[in-house]
Structures are given as structure tokens and as C-alpha cells.
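Asks: So the chains spell out like this:
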Amino acid sequence: RKEVEQDPGPFNVPEGATVAFNCTYSNSASQSFFWYRQDCRKEPKLLMSVYSSGNEDGRFTAQLNRASQYISLLIRDSKLSDSATYLCVVTTSSNTGKLIFGQGTTLQVKP
Amino acid sequence: NAGVTQTPKFQVLKTGQSMTLQCAQDMNHNSMYWYRQDPGMGLRLIYYSASEGTTDKGEVPNGYNVSRLNKREFSLRLESAAPSQTSVYFCASSEGSGDQPQHFGDGTRLSIL
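Residue numbers (my numbering), protein chains in the order written: chain A, 1 to 111; chain B, 1001 to 1113.
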């Protein structure tokens, strides 16, 4: 079983739609959680950290469920520019900063 | 405002050749990382350096060596390239602790023939 699992998609949605991605992780000792965004043939960039209490940044909301070991990302009012691959990322070590990446979920927002 | 700089951006090698991928960061970060990204596999950690003077193996270290030359620079060496090492290689850095984000370079697209 992969340490971090995501549905690769693609998710094809119209502009203005709300879309949600889930990610599950296998290590219950996981400590920190992130969503990164990766555009085609570009480097990953941090989208947002995920906190136990949930957090929101504009149209983006991230949730963490430690009991069920999953993380979610909700995107409201999708824009064409949201088209990208979204990477779920987990770290199990606070000392080294080692990250475990999911393979990513691809989102395509259509006009 | 360079951030993380990788060189070269593209490289084609023949099987058995060697080369070194260079990475430098100007953010005074303690930790640096090398990943490879293959289709359907996501990013996999090759080696990392939690602080200057230390290096450790990641998930897929075989066939690679690294050097943390100083706090700024972390190089990745392929001693005898194999076609299985054809990939996109990303270098990243972070302040160090697990709850700090990693900043990535643009990547090196490496093909081994």
C-alpha cells in the first residue's frame, strides 16, 4: 500500500464549479500535511498547509481527519487557472523535513 | 530573487556516462533534498541533507551519490547512468523542520539513451 494515496483523476469540471479531492495516508504517526500544486512541466509549489482545525485560503479549504487518516482539498468557484495537478504531501519526521508525496490529482477546468 | 537554482535544465547522456546535477539555494535554508519524478509515480526522495555536513538516503538512493558542499549547495551525481534513471530531477530546500514548506527548483530533465 502506498504511504499517500490519491485518485489521479483527471477531474474535468466547468468554470465556477466546486470540486473536492481526498487523500489518504497510511502512517498514523504522520505529523504535518500539505497540498502542493504542480503545473504541467513545472516545479511543485506549496498551495497550503493543512491544520487539524481546518483552514481556508480564499476559494481553497483544506481539512484533516486524523481518525480516518485522510486530507481533503475543496476548491470553490473554479477558475481556468486552477487547472493543474494537486499533490497531497505528508511528513512523518519533524527533524528532517522529509516529505512523502502522493502521485497527484489532475484538475482540468473547462470554459 | 533566485530561490533554488538547478543546472543544467536539460541533459542527454549515453548509458554508462557520469554527470553531476548542481543545486544551489540562496534562502539560507538548512535542509536540502533531491527528488525524481516519473509518470504515475509522483515525486520520490533520492537523498536529503538535513543540515550542512550530513546526508541521508531517501526512498530510491541506488545509483546516486550526493555532496552537501556547503550550506548553499547540494549536488547529485550519477556515476554510471542507466536508462532507468531517465527522469525529471527536482532539488528542494527548507528551513529544516517538518512543518516548513519546501521550495523547489525548476527541475532537470535527464534522458539516458
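These are computed hints drawn from the structure, not numbers from a lab. Among the clues, some could well be false.
SDA-like, lysine to any residue: derived pairs with alpha carbons at most 20 Å apart [as the list claims (entries may be wrong)]: (1) Lys45/A with Asn1070/B; (2) Lys45/A with Thr61/A; (3) Lys2/A with Lys42/A; (4) Lys2/A with Asp1038/B; (5) Lys1057/B with Lys42/A; (6) Lys45/A with Lys1057/B; (7) Lys42/A with Asp1106/B; (8) Lys42/A with Arg1044/B; (9) Lys1057/B with Ser1067/B.
Stretch-level coverage of chain B by chain A, calculated; a stretch enters the list once three of its residues show a Cβ under 8 Å from a Cβ in chain A [to be verified]: (10) 1010-1022; (11) 1104-1111.
Don't be surprised by glycine CBs; every beta carbon is placed ideally from N, CA and C.
Asks: Look at each hint and say if it fits the structure.
Replies: Tested hints:
With a C-alpha separation of about 25 Å, the suggested pair Lys45/A and Asn1070/B falls outside the 20 Å cut-off, and the hint is violated. Among the hinted pairs, Lys45/A with Thr61/A is consistent with the structure: their alpha-carbon atoms are about 17 Å apart, no more than 20 Å. Between Lys2/A and Lys42/A the alpha-carbon distance is near 24 Å, which puts this suggested pair outside the 20 Å criterion. Our distance criterion of 20 Å between C-alpha atoms is met by Lys2/A and Asp1038/B, whose separation comes to about 15 Å.
For the given pair, Lys1057/B sits about 25 Å from Lys42/A by alpha-carbon distance, which is inconsistent with the 20 Å threshold. At roughly 23 Å between alpha-carbon atoms, Lys45/A and Lys1057/B are farther apart than 20 Å, so this suggested pair is violated. Under the criterion of a C-alpha separation no larger than 20 Å, the hint pairing Lys42/A with Asp1106/B is consistent with the structure, at around 6 Å. Note on Lys42/A and Arg1044/B: the hinted pairing holds, with a Cα-Cα distance of about 16 Å set against a maximum of 20 Å.
Taken as a hint, the Lys1057/B and Ser1067/B pair is honoured in the structure, with Cα atoms around 12 Å apart against an allowance of 20 Å. Coverage of the segment 1010-1022 of chain B by chain A is violated in this model, with 0 residues showing a Cβ closer than 8 Å to a Cβ of that chain against a need of three. Under the rule that three or more residues need a Cβ within less than 8 Å of chain A, the assignment of the segment 1104-1111 of chain B holds, with 4 such residues.
Checked against the numbered hints above, the structure breaks hints 1, 3, 5, 6, 10 and satisfies the rest.
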